[in-house]
Amino acid sequence: MDVPPGSPARPVRVLVIDDSALVRALMTELLGADPGIEVVGSAADPYIARDKIRRLSPDVLTLDVEMPRMDGLTFLRNLMRLRPMPVVMVSTLTEAGAQVTLDALALGAVDFVAKPKLDVARSLAGYDGLLAEKIRHAARARVARIAAPPAAVDYDGPLGYRTTERLLAVGASAGGTEAIRDLLSRMPADAPATVIAQHIPAAFSGPFAERLDRHSRMTVVEARDDQPLLAGHAYVAPGGRHLRVVRSGARWHCRLGDDEPVRRHRPSVDVLFESVAAHAGGNACAVLLTGMGDDGARGLLALRRAGACTFAQDEASSVVWGMPGAAVALGAVGAVLPLQELAHRMLAAAADGRPGIADRRTCARIR
Numbered sequence: 004m005d006v007p008p009g010s011p012a013r014p015v016r017v018l019v020i021d022d023s024a025l026v027r028a029l030m031t032e033l034l035g036a037d038p039g040i041e042v043v044g045s046a047a048d049p050y051i052a053r054d055k056i057r058r059l060s061p062d063v064l065t066l067d068v069e070m071p072r073m074d075g076l077t078f079l080r081n082l083m084r085l086r087p088m089p090v091v092m093v094s095t096l097t098e099a100g101a102q103v104t105l106d107a108l109a110l111g112a113v114d115f116v117a118k119p120k121l122d123v124a125r126s127l128a129g130y131d132g133l134l135a136e137k138i139r140h141a142a143r144a145r146v147a148r149i150a151a152p153p154a155a156v157d158y159d160g161p162l163g164y165r166t167t168e169r170l171l172a173v174g175a176s177a178g179g180t181e182a183i184r185d186l187l188s189r190m191p192a193d194a195p196a197t198v199i200a201q202h203i204p205a206a207f208s209g210p211f212a213e214r215l216d217r218h219s220r221m222t223v224v225e226a227r228d229d230q231p232l233l234a235g236h237a238y239v240a241p242g243g244r245h246l247r248v249v250r251s252g253a254r255w256h257c258r259l260g261d262d263e264p265v266r267r268h269r270p271s272v273d274v275l276f277e278s279v280a281a282h283a284g285g286n287a288c289a290v291l292l293t294g295m296g297d298d299g300a301r302g303l304l305a306l307r308r309a310g311a312c313t314f315a316q317d318e319a320s321s322v323v324w325g326m327p328g329a330a331v332a333l334g335a336v337g338a339v340l341p342l343q344e345l346a347h348r349m350l351a352a353a354a355d356g357r358p359g360i361a362d363r364r365t366c367a368r369i370r
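When we follow my numbering, the leftmost residue of the sequence shown carries the number 4, and every step to the right adds one.
Hints are computed from structural coordinates only; laboratory data are not their basis.
For each residue, glycine too, the CB sits at the ideal point set by N, CA and C.
Misleading hints may appear alongside valid ones.
[Claimed, not checked] No farther apart than 20 Å at their CA atoms in a straight line, the calculated lysine to any residue pairs in the SDA-like style are these:
| # | residue 1 | residue 2 |
| --- | --- | --- |
| 1 | Lys120 | Arg27 |
| 2 | Lys120 | Ala109 |
| 3 | Lys120 | Tyr130 |
[As the list claims (entries may be wrong)] Computed spacing ranges between beta-carbons, pair by pair:
| # | residue 1 | residue 2 | range |
| --- | --- | --- | --- |
| 4 | Ala36 | Gln230 | 42 to 48 Å |
| 5 | Gln230 | Met73 | 27 to 33 Å |
| 6 | Glu41 | Arg80 | 25 to 31 Å |
| 7 | Ala99 | Asp228 | 33 to 39 Å |
| 8 | Gly334 | Ala99 | 26 to 32 Å |
| 9 | Ala99 | Arg227 | 20 to 26 Å |
Construct the complete structure from the given sequences, taking the supplied hints into account.
This is how it looks when you write it as structure tokens:
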């Protein structure tokens, strides 16, 4: 019987791919210190990596983007076409690094981690734990061959959402960049105002919002402090800042904060969801998408208790069913649905009319 990677009897087998000998040595040392992880080898370029994958059968790859002889994206594209497996990208926290990393996530990479700064010892504080956590979750992730990105889908339900009285909220982590893109691609141009918290670094959130905007009928922007929420618009929390929703007169507004991370995250999904629960209540619909950990579960419960309609992405369509699974375990979820059904159900709930009625009429209660 096969023993799952990461179980007590089966450490996660990792192959480190990076053209820098120093980075390879450092990541091998950091990962090797975790008893649940075994670094089975390293490779300086994709050609060496290809041979070692065949010979060593790792469970997870860490992959740098900029390498000699074949760039990381070309290698990843070939890998996901021929032998799909979990990949964690090692990225520079720059705008250029963001664009390439988002391309890698679209190609099927599970997650990403910042490239360690070898000349700054304090930059490694906590890095080993974060890296190991991402590797363990990646080992359990669902990875498939490259599929075409979802085309914009016409919503066949009632339209006419141009009102400040409906609000959608979305939270995600690992696997979420593509899940959010899929969700928004299915929204009409006049969908209710939508606020989004995705775990992402500061350099990545702007390019991420721009990418979402290109694939959505809605206007997607990186949120600004005190920005009014408008129908037909989606607002992405800036990396490194909390996003909250507050009521100001007849409208909701964005409120950005630099207060402490919540459960290690800033932006935190819990912070966003709890603010939506406090200021929108039954006028909101919220969904927790793929992601590791439990951020957002408590916030989703607060939303449900406030009368909002609450959804979670199902396990089969999630890359990592950590956050949605935690919300289900708390009793925070009105309906668990495949990713491709979530937009339609949220829109139907938002069109239902009276505050709070959506959770009773539209959401199927979890038994």
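Hints violated by the structure (numbers, ascending): 2, 5, 7, 8
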